[in-house]
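S.K.: Below, each chain spelled out in residue letters.
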Amino acid sequence: GAGVSQSPRYKVAKRGQDVALRCDPISGHVSLFWYQQALGQGPEFLTYFQNEAQLDKSGLPSDRFFAERPEGSVSTLKIQRTQQEDSAVYLCASSLVGTSGSTGELFFGEGSRLTVL
Amino acid sequence: AQSVTQLGSHVSVSEGALVLLRCNYSSSVPPYLFWYVQYPNQGLQLLLKYTSAATLVKGINGFEAEFKKSETSFHLTKPSAHMSDAAEYFCAVSDRAGYALNFGKGTSLLVTP
Numbered sequence: 001g002a003g004v005s006q007s008p009r010y011k012v013a014k015r016g017q018d019v020a021l022r023c024d025p026i027s028g029h030v031s032l033f034w035y036q037q038a039l040g041q042g043p044e045f046l047t048y049f050q051n052e053a054q055l056d057k058s059g060l061p062s063d064r065f066f067a068e069r070p071e072g073s074v075s076t077l078k079i080q081r082t083q084q085e086d087s088a089v090y091l092c093a094s095s096l097v098g099t100s101g102s103t104g105e106l107f108f109g110e111g112s113r114l115t116v117l
Numbered sequence: 001a002q003s004v005t006q007l008g009s010h011v012s013v014s015e016g017a018l019v020l021l022r023c024n025y026s027s028s029v030p031p032y033l034f035w036y037v038q039y040p041n042q043g044l045q046l047l048l049k050y051t052s053a054a055t056l057v058k059g060i061n062g063f064e065a066e067f068k069k070s071e072t073s074f075h076l077t078k079p080s081a082h083m084s085d086a087a088e089y090f091c092a093v094s095d096r097a098g099y100a101l102n103f104g105k106g107t108s109l110l111v112t113p
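Chains W and R are the protein sequences, given in the same order. The first sequence begins at 1 in the numbering used here and counts up one residue at a time. The second sequence begins at 1 in the numbering used here and counts up one residue at a time.
Hints in this document: simulated from the structure, not taken from any laboratory. No false leads were mixed into what you were given.
Straight-line Cα separation of at most 30 Å, DSSO-like style, residue types lysine-lysine; simulated pairs:
{"no.": "1", "chain 1": "W", "residue 1": "Lys14", "chain 2": "R", "residue 2": "Lys105"}
{"no.": "2", "chain 1": "R", "residue 1": "Lys105", "chain 2": "W", "residue 2": "Lys57"}
{"no.": "3", "chain 1": "W", "residue 1": "Lys14", "chain 2": "W", "residue 2": "Lys57"}
Using the sequences and the hints, build the whole thing.
M.R.: Rendered as structure tokens:
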């Protein structure tokens with residue numbers, strides 16, 4: 001597609017529910033990133049994929065957070081047993097990183113706003 | 001680890017006035033530096049980037065930034081603010097091309113008539 005697409009744009013979950021957030025990166029982009037943005041804060045790194053390989057998951061806040069990218073394209077961020085502190089906007093970004101001439105620019109989607117009640 | 005500090009969480013300028021948003025970085029290696037803008041309920045859009053070429057970088061919408069190694073700064077400027085510039089601005093740093101960016105906490109720019 002023309003840009004990074006995320007769904008759903010808005011999700012309301014009851015505490016304890018599981019949620020899944022989807023990211024469809026720009027076609028051909030090797031790298032994919034997930035960020036968490038709390039209200040009034042800058043984005044915080046969660047995890048990074050190069051193709052289907054998850055190369056860095058150091059930013060995932062707990063073992064309730066899980067991300068996958070099985071075919072090296074679409075990615076899903078799953079949050080199990082949601083808590084109120086998980087309420088945030090989850091941003092996905094993709095990049096040409098790994099290809100010749102890339103300067104590391106990340107292209108962001110519009111985000112998925114999660115509200116946990 | 002690389003990090004950035006944005007001085008001033010809120011900046012208010014009059015329409016037509018100079019915009020100056022401050023960013024200082026911390027990096028043990030030559031950094032890659034970025035400024036992104038975020039409008040309400042939208043994702044982040046790249047304004048400009050520094051990748052060790054020219055120290056004065058020109059971006060979209062009339063913004064520019066100057067990389068000053070001696071001051072470890074990468075401040076964002078625009079000569080004349082427009083109402084449409086009101087948004088949240090984020091400075092970000094990485095030590096490698098295409099690796100994860102570390103973002104500052106952001107500066108909210110308000111433009112008054």
